[in-house]
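As given, the protein sequences belong to chains C and A, one line each in that order. All the letters of the first sequence, read from the start, carry residue numbers 1 to 255 under UniProt numbering. All the letters of the second sequence, read from the start, carry residue numbers 1 to 461 under UniProt numbering.
Hints are supplied without guarantee of correctness; some may be wrong.
[To be verified] Below are the DSS-like pairs computed for lysine-lysine, each with C-alpha atoms no more than 30 angstroms apart in a straight line: (1) A:Lys65 with A:Lys368; (2) C:Lys143 with C:Lys123; (3) A:Lys65 with C:Lys123; (4) C:Lys69 with C:Lys239; (5) C:Lys7 with C:Lys239; (6) A:Lys65 with C:Lys143.
It is worth saying that the hints were derived from the structure and are not from the lab.
Chain by chain, the residues:
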Amino acid sequence: MSDSMLKIQNLHASVEGKPILRGIDLEIAAGEVHAIMGPNGSGKSTLSYVLSGREGYEITEGSVTYKGKDLLALEPEERAGEGLFLAFQYPVEIPGVPNTTFLREAVNAVREYRGEERYDALKFMKVLRARLKELGMSDEFLKRAVNVGFSGGEKKRNEVLQMACLEPSLALLDETDSGLDIDALKAVADGVNALRSPDRSFLLITHYQRLLGYIVPDKVHVLARGRIVESGGPELAEKLEAGGYAGYLDETEAA
Amino acid sequence: MGDAPPLARLLDARLVEEGAAALPGAGLPWLAERRKAAAERFRALGLPHRRLEAWKYTDLPRALKDRDYLPAQRQAPASLDAVPALTGDEPLARLVFVDGLYRAELSRAATGSGSLPDGVRLLPLAQALEREPGLLEGRLDALTGDADGADPQLALLALNAALLDDGLVLLVEPGVAVPGRIELVQLGGLGERPVFHAPRHLVVLGEGASATLVERILGVGPTGGLANAVTELRLGKGAALTHLRLQEANEAAIELATTFGALEAGARYEAFALTLGAALSRHEIDLTLDGEDAEVALNGAYLLRGRQHGDTTTRIVHRVPDTRASETYKGALDDEARAVFQGLILVERGAQKTDGRMLNKTLLLSDKAEVDSKPELEIYADDVQCAHGATAGEIDADALFYLRSRGLDQRRARALLIEAFLAEAIESLSDEGLREPLLARVRAWLQKAGEQDRNETEGGR
Chain C
1 MSDSMLKIQN LHASVEGKPI LRGIDLEIAA GEVHAIMGPN GSGKSTLSYV
51 LSGREGYEIT EGSVTYKGKD LLALEPEERA GEGLFLAFQY PVEIPGVPNT
101 TFLREAVNAV REYRGEERYD ALKFMKVLRA RLKELGMSDE FLKRAVNVGF
151 SGGEKKRNEV LQMACLEPSL ALLDETDSGL DIDALKAVAD GVNALRSPDR
201 SFLLITHYQR LLGYIVPDKV HVLARGRIVE SGGPELAEKL EAGGYAGYLD
251 ETEAA
Chain A
1 MGDAPPLARL LDARLVEEGA AALPGAGLPW LAERRKAAAE RFRALGLPHR
51 RLEAWKYTDL PRALKDRDYL PAQRQAPASL DAVPALTGDE PLARLVFVDG
101 LYRAELSRAA TGSGSLPDGV RLLPLAQALE REPGLLEGRL DALTGDADGA
151 DPQLALLALN AALLDDGLVL LVEPGVAVPG RIELVQLGGL GERPVFHAPR
201 HLVVLGEGAS ATLVERILGV GPTGGLANAV TELRLGKGAA LTHLRLQEAN
251 EAAIELATTF GALEAGARYE AFALTLGAAL SRHEIDLTLD GEDAEVALNG
301 AYLLRGRQHG DTTTRIVHRV PDTRASETYK GALDDEARAV FQGLILVERG
351 AQKTDGRMLN KTLLLSDKAE VDSKPELEIY ADDVQCAHGA TAGEIDADAL
401 FYLRSRGLDQ RRARALLIEA FLAEAIESLS DEGLREPLLA RVRAWLQKAG
451 EQDRNETEGG R
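Let the sequences and hints guide you as you build the complete structure.
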């Protein structure tokens with residue numbers, strides 16, 4: 001296997017004392033795209049929040065190594081600086097902050113962390129316009145406040161734009177396909193595909209197989225009851241689409 | 001005479017003893033009479049106290065306890081070196097007051113210098129009283145001169161009427177548009193001993209006249225003074241006044257200000273108040289809309305920390321049909337700071353089609369900060385549109401995490417969210433050129449907050 005990007009070992013996490021993740025093991029190599037699929041309540045979003053450092057999750061056991069570092073010891077902004085990016089399932093609206101300002105602050109914060117020079121406003125606009133062009137996006141919503149009044153599709157595309165600007169090493173996409181019509185889904189998938197590269201890894205978290213028709217993963221994992229219960233190639237997603245998650249649930253849950 | 005011995009002593013010193021001769025307009029019988037009547041009223045009323053509904057949340061007697069003040073002196077040394085320019089362009093005129101008293105050598109472009117158009121009179125109040133008292137006779141007695149002035153709310157007006165010492169007088173003839181902003185700068189805190197001053201400002205705009213007034217209150221020294229200012233506004237038919245007020249007094253000062261006035265038909269008053277300074281401040285605005293189509297837009301932002309106390313109290317009376325009022329006040333409170341917002345929209349019988357809106361939102365940055373918000377509607381007409389709202393809360397945790405997940409550290413993320421929250425109020429200002437200086441002050445305040453946090457963190461290591 002090539003260089004390890006992310007290595008999760010026996011990860012256990014609780015929310016308010018209730019165990020959600022119950023021993024996750026997962027390794028992603030540089031340049032690989034993995035998908036985690038699972039039914040509602042299996043712990044998919046918890047995994048993305050634990051990896052990005054959101055408060056309110058207690059790690060009770062296990063470890064996460066990201067590019068050789070102890071990921072769990074880092075603050076959320078340090079993780080971003082180290083190249084971790086989470087595309088939110090529900091991108092947050094921030095009234096009063098223009099999208100351009102937000103993107104510039106984010107890019108400069110990450111550049112500072114990496115010991116690079118901050119962009120001035122002019123230089124940043126040049127970089128931003130180049131990214132927009134690569135993604136085939138118009139600049140009309142840059143002036144609007146972050147995600148305020150954005151359609152579901154616009155919010156998700158804004159996540160992809162942020163990802164393109166921040167140039168992460170590992171991108172987690174949490175249910176990026178939820179709530180999107182087919183055109184928006186294709187646009188988002190095209191954006192992600194454009195960013196695929198040998199030194200960038202992706203972890204797609206999704207309920208449905210639909211997204212994986214557009215972003216073909218190297219590996220697919222099934223998450224159920226807080227554990228990865230099966231792993232395989234892209235064909236596993238198709239099997240799930242046909243058979244559903246029933247086979248992975250407890251009898252009580254399936255009932 | 002109750003609960004204000006230091007101020008009562010000051011009244012005695014200034015009005016009964018030889019001090020009276022030092023007050024401007026000492027030789028004017030009508031003024032002397034007003035001062036005496038007002039002093040008697042203040043003695044009878046005493047300081048406003050918490051048993052009065054309108055002063056429930058601001059304990060003025062307690063703030064003034066054990067404090068003593070001297071009358072202001074005109075010789076306190078001062079310069080404008082420490083005063084940053086508000087914007088890139090110079091104001092049309094600037095009147096500078098030190099401890100409330102006019103200083104010609106720091107001011108510029110008063111009437112006669114050529115930069116003010118015909119039909120505009122701009123001069124300090126004391127000078128007007130000395131040189132052309134006719135200009136002011138009958139114009140300083142509103143509210144404080146009436147016979148039934150037993151309302152305890154009027155105590156501070158009475159105190160000001162008794163001791164008024166200087167201020168800005170702006171009289172604009174009908175149809176004249178003042179082609180630039182007029183700055184009123186109050187420098188305080190310079191002397192060795194705390195002083196009391198009673199500024200009285202008068203702005204009268206004739207029919208169709210317009211002006212922009214920017215009032216800047218700056219604590220340039222550390223001494224904590226007491227200001228009890230009164231501003232009277234008279235806006236004629238279709239007149240328009242934009243009034244910016246930046247209160248940056250030092251943290252020992254007590255800043256009391258009352259703005260009262262009346263708008264005739266079609267007049268418009270747009271005000272923005274930024275409250276950053278003073279140990280205790282109260283800014284009271286009391287306006288009546290006397291003519292159809294009159295409109296007020298009152299907006300403001302308050303940023304307080306430490307143990308600062310900032311009170312904004314507004315009262316808008318709609319007397320006739322088809323008038324509009326909108327208010328948006330937003331603030332951020334850190335440490336043990338406390339803000340008070342009391343807003344009353346009163347719609348009189350027959351004032352149909354009134355449109356009144358009031359909003360007060362506060363961010364609490366510490367669990368010891370407090371806001372008391374009391375928006376009130378009192379409506380005696382049946383065909384009106386009035387609404388009010390108030391919120392208080394912490395910074396949105398989801399937004400904070402979103403920003404941090406994009407690389408912004410906690411401090412920067414908080415600052416960005418607070419700035420955005422307050423910018424919403426600042427962006428209501430129709431003159432875009434005046435927004436930037438307000439935002440710059442907000443950023444400076446946030447910067448200071450960040451430095452404090454950093455020091456505390458480092459100190460704890």
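Need the status of pair A:Lys65, C:Lys143: alpha-carbon distance at most 30 angstroms?
Distance ~52 angstroms between A:Lys65 and C:Lys143 Cα, so the pair is violated.
Tell me if the straight-line CA distance from A:Lys65 to A:Lys368 falls inside 30 angstroms.
Measuring from Cα to Cα gives roughly 24 angstroms; hence the hint holds.
C:Lys143 paired with C:Lys123 [C-alpha distance capped at 30 angstroms]
Holds. C:Lys143 to C:Lys123 sits at ~17 angstroms (cutoff 30 angstroms).
Quickly compare the C-alpha distance for C:Lys69 and C:Lys239 to 30 angstroms and report which way the hint goes.
Violated. C:Lys69 to C:Lys239 sits at ~35 angstroms, over the 30 angstroms cutoff.
Take the C-alpha atoms of A:Lys65 and C:Lys123, compute the straight-line distance between them, and say whether it is at most 30 angstroms.
With a Cα-Cα distance of about 57 angstroms, the restraint between A:Lys65 and C:Lys123 is violated, given a limit of 30 angstroms.
Take a quick look at whether C:Lys7 and C:Lys239 sit within 30 angstroms of each other, Cα to Cα.
26 angstroms, holds
The structure fails hints 3, 4, 6 (numbered hints given earlier, in ascending order).
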